[in-house]
Amino acid sequence: MKFFGLLSVIIVGFLLLSATKDFPNWGDEDSPANSGPVSSFYIEKTEEKTKVPNMVTAVLADYRGYDTMFETVVIFIAGIGIIAVLRTYGSNESIPKNQVGDEGAGLLARMTCSLILPFIQLFALYVVAHGHHSPGGGFQGGVMLGASYILLALAYGLARAKSCFSEKRTLVFAALGIFIYVGWGVLCLVMGSEFLNYSALDSILPGGVEMARSHSMLAVEIGVALTVTAIMFSMFSNLSTKGRLDKGL
Amino acid sequence: MDIIIASFLEDSIVPKFNYWIYVILMMIGLYAMITKNNLIKKLIGMAIFQTAIILLYVSVGVKADANIPIISHHGEKDHVEHAQNENLDSASEASSHHGSKKEHHVIDKNKFANPLPHVLMLTAIVVGVSTLGLALAISQKVHGSFGTLEEDEILDQLRPGGYD
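Protein chains in written order, with numbering that gives the first Met the number 0: chain A, 0 to 248; chain B, 0 to 163.
Next up, chain A with everything else stripped away, as it sits in the complex (with noise of 0.2 Å):
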């Protein structure tokens, strides 16, 4: 077995490399992906028909709205599996007495945590709000405010952390999140013109059609970054206990 599948891997890998000999060089400004029509259009008009600076929030929050709407909801839905797979209620496997009680790390890490869990989650929010304008987006915000709850999950214990951000509360952000999304794209339906057109929504948000698709661009990451981040720490809950969601790593 480990030898056929080593002969596949060579002969697939052989082909692949045999194949970049016609692929363009690295860092060609012509090649086919950087001249097309597509990206240059990007390149040259984002700013001047949406105002935003940052041409990959612009295209994944505007011009590809419902790309990122479904990935949002393939988020989810990946959220959701892992609780129907794992979630068991009532308690058929009873803990080991001598886990209970010593629970989250040392003094020195959790003094540590909440020195600098406020600034992670400030920076996550700044990632998410200022995404237009640097580097950043509703994904990676929601990422990381996911990933400062883990980590006071990690040093105070998971008990602590579901204290503050219940498995209620975890599916109750994480439809919120699908809803703003996709309820602001019928707002553009309502106002008279087709899904997640923000141009429709100039009359009620101020600074012409071009802040308009930037405020929208705003609202629909900050939908995005609600589920990604319910989701992230609904998997860690769920994958470090087992779905019974008592006592974590």
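Worth double-checking, as some hints may not be accurate.
Quick list of simulated restraints, FRET-style, between CB atoms [claimed, not checked]: (1) A:163 - B:140: 22 to 32 Å; (2) B:7 - A:128: 45 to 55 Å; (3) B:52 - A:133: 23 to 33 Å; (4) B:67 - A:40: 35 to 45 Å; (5) A:178 - B:155: 42 to 52 Å; (6) B:67 - A:122: 17 to 27 Å; (7) B:23 - A:167: 39 to 49 Å; (8) B:144 - A:207: 52 to 62 Å; (9) B:64 - A:73: 32 to 42 Å; (10) B:52 - A:134: 14 to 24 Å; (11) A:84 - B:1: 57 to 67 Å; (12) B:63 - A:7: 31 to 41 Å.
With a Cα cut of at most 30 Å, we get these calculated DSS-like pairs of lysine-lysine [to be verified]: (13) A:48 - B:108; (14) B:62 - A:241; (15) B:108 - B:15; (16) B:62 - B:110; (17) B:108 - B:41; (18) A:246 - B:40; (19) B:140 - B:41; (20) A:161 - A:246; (21) B:110 - B:35; (22) B:41 - B:15; (23) B:140 - B:108; (24) A:161 - B:140; (25) B:108 - A:1; (26) B:35 - A:48; (27) A:48 - B:62; (28) B:140 - A:20; (29) A:50 - B:110; (30) B:140 - A:246; (31) B:62 - A:161; (32) A:241 - B:35; (33) B:15 - B:110; (34) A:241 - A:161; (35) B:140 - B:40; (36) B:41 - A:1; (37) B:110 - A:1; (38) A:241 - A:167; (39) A:246 - A:167.
I should point out that these hints are in silico values taken from the structure, not numbers from a laboratory. Predicted model only: the values in this text are computed from it and were never measured. Where is the CB? At the ideal position from N, CA and C, for every residue including glycine.
For this one, chain A is given, so just place chain B on it according to the hints.
Below, chain B without anything else, positioned relative to chain A:
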């Protein structure tokens, strides 16, 4: 012989080293997925495979002498260029008909990396996290019901003659 090797290096490897690295990484992941017996090691192989694909896409979007795809408003150099552009614009507008200033705001597309692969890979990373989390959950469940994560032992137990 030396010349052949040198020309091969110069033509095929040095200008395309990103593809060589992605193929090697991808094959490491594929080998782990095919031959490793432990389910967690298979998942690690899958993660390496996904990372190789992310590396391929992002390296395709690279342009020589380009910056990240974020238009800077605070760089001094940009300010000077803006000012020069606006001077030229006002001069040409004064001589010709009245036009809007927005259309004269020129962005050189070779100064910014291609944003499209970054966006695609951002979503690919998200899918990777979701699949990895779900796969870990399922393998935890497998460990709960079989008591092992080794593939051959699980197959032994699943076989009709095996115990239970």
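Hints, one by one, checked against the model:
About 28 Å separates the C-beta atoms of residue 163 of chain A and residue 140 of chain B, a value consistent with the hinted range of 22 to 32 Å. The hinted window of 45 to 55 Å between residue 7 of chain B and residue 128 of chain A holds, with their beta carbons roughly 51 Å apart. For residue 52 of chain B and residue 133 of chain A, the Cβ-Cβ distance of about 27 Å falls inside the hinted range of 23 to 33 Å, so the restraint holds. One distance hint, 35 to 45 Å for the beta-carbon pair residue 67 of chain B and residue 40 of chain A, is violated here, with the actual separation near 18 Å.
For the hinted restraint 42 to 52 Å between residue 178 of chain A and residue 155 of chain B, the CB-CB distance of approximately 47 Å keeps it satisfied. The beta-carbon spacing between residue 67 of chain B and residue 122 of chain A, approximately 19 Å, falls within the hinted interval of 17 to 27 Å. For the pair residue 23 of chain B and residue 167 of chain A, the supplied restraint of 39 to 49 Å holds, since their beta-carbon distance comes to about 47 Å. The hinted range of 52 to 62 Å is satisfied by residue 144 of chain B and residue 207 of chain A, whose Cβ atoms lie roughly 60 Å apart.
Taking the beta carbon of each, residue 64 of chain B and residue 73 of chain A are about 36 Å apart, inside 32 to 42 Å as hinted. Against the hinted window of 14 to 24 Å, the Cβ-Cβ separation of residue 52 of chain B and residue 134 of chain A comes to about 21 Å, which satisfies the hint. Restraint check, residue 84 of chain A to residue 1 of chain B: a C-beta distance of roughly 59 Å satisfies the suggested window 57 to 67 Å. Distance hint check: the CB atoms of residue 63 of chain B and residue 7 of chain A are about 36 Å apart, consistent with the given range 31 to 41 Å.
Taking the CA atoms of residue 48 of chain A and residue 108 of chain B, the gap is about 16 Å. The hint holds against a cut of 30 Å. At most 30 Å may separate the alpha-carbon atoms for a hinted pair to count; residue 62 of chain B and residue 241 of chain A exceed this at roughly 46 Å. Note on residue 108 of chain B and residue 15 of chain B: the hinted pairing holds, with a Cα-Cα distance of about 23 Å set against a maximum of 30 Å. In summary, the hint linking residue 62 of chain B to residue 110 of chain B is supported, as the alpha carbons are separated by about 8 Å, within the 30 Å threshold.
A C-alpha spacing of about 41 Å is found between residue 108 of chain B and residue 41 of chain B, which places the hinted pair above 30 Å, so the restraint is violated. Our distance criterion of 30 Å between C-alpha atoms is met by residue 246 of chain A and residue 40 of chain B, whose separation comes to about 26 Å. With a CA separation close to 16 Å, the supplied pair residue 140 of chain B and residue 41 of chain B stays within the 30 Å bound. In summary, the hint linking residue 161 of chain A to residue 246 of chain A is supported, as the alpha carbons are separated by about 10 Å, within the 30 Å threshold.
Simply put, residue 110 of chain B and residue 35 of chain B have alpha-carbon atoms about 44 Å apart, too far for the 30 Å limit, and the pair is violated. Between the alpha carbons of residue 41 of chain B and residue 15 of chain B the distance comes to roughly 29 Å, so the proposed pair stays at or under 30 Å and holds. Between the alpha carbons of residue 140 of chain B and residue 108 of chain B the distance comes to roughly 50 Å, so the proposed pair goes past 30 Å and is violated. Between residue 161 of chain A and residue 140 of chain B the alpha-carbon distance is near 23 Å, which keeps this suggested pair within the 30 Å criterion.
Of the supplied pair hints, the one linking residue 108 of chain B and residue 1 of chain A is violated, its CA atoms being roughly 48 Å apart against a limit of 30 Å. Annotation: proposed proximity of residue 35 of chain B to residue 48 of chain A is violated, straight-line Cα distance about 51 Å (limit 30 Å). Our distance criterion of 30 Å between C-alpha atoms is met by residue 48 of chain A and residue 62 of chain B, whose separation comes to about 24 Å. The hinted pair formed by residue 140 of chain B and residue 20 of chain A fails the criterion: a straight-line CA distance of about 45 Å is larger than 30 Å.
The hinted pair formed by residue 50 of chain A and residue 110 of chain B meets the criterion: a straight-line CA distance of about 19 Å does not exceed 30 Å. Between residue 140 of chain B and residue 246 of chain A the alpha-carbon distance is near 18 Å, which keeps this suggested pair within the 30 Å criterion. Distance check on the hinted pair: residue 62 of chain B and residue 161 of chain A sit about 46 Å apart at the alpha-carbon level, beyond 30 Å; violated. Only pairs whose Cα atoms come within 30 Å are accepted, and residue 241 of chain A paired with residue 35 of chain B is accepted, the gap being roughly 24 Å.
A hinted pair counts as satisfied when its Cα atoms are at most 30 Å apart, and residue 15 of chain B with residue 110 of chain B qualifies at roughly 21 Å. A distance of roughly 16 Å separates the Cα atoms of residue 241 of chain A and residue 161 of chain A; the hinted pair therefore holds under the 30 Å criterion. Proximity of residue 140 of chain B to residue 40 of chain B is assessed by CA-CA distance (about 16 Å); at most 30 Å being required, the pair is judged to hold. Taken as a hint, the residue 41 of chain B and residue 1 of chain A pair is honoured in the structure, with Cα atoms around 14 Å apart against an allowance of 30 Å.
Note on residue 110 of chain B and residue 1 of chain A: the hinted pairing is violated, with a Cα-Cα distance of about 47 Å set against a maximum of 30 Å. Under the criterion of a C-alpha separation no larger than 30 Å, the hint pairing residue 241 of chain A with residue 167 of chain A is consistent with the structure, at around 18 Å. Using a Cα cut-off of 30 Å, the hinted pair residue 246 of chain A and residue 167 of chain A holds, with the two alpha carbons roughly 17 Å apart.
Against the hints set out earlier in the document, violations occur for numbers 4, 14, 17, 21, 23, 25, 26, 28, 31, 37.
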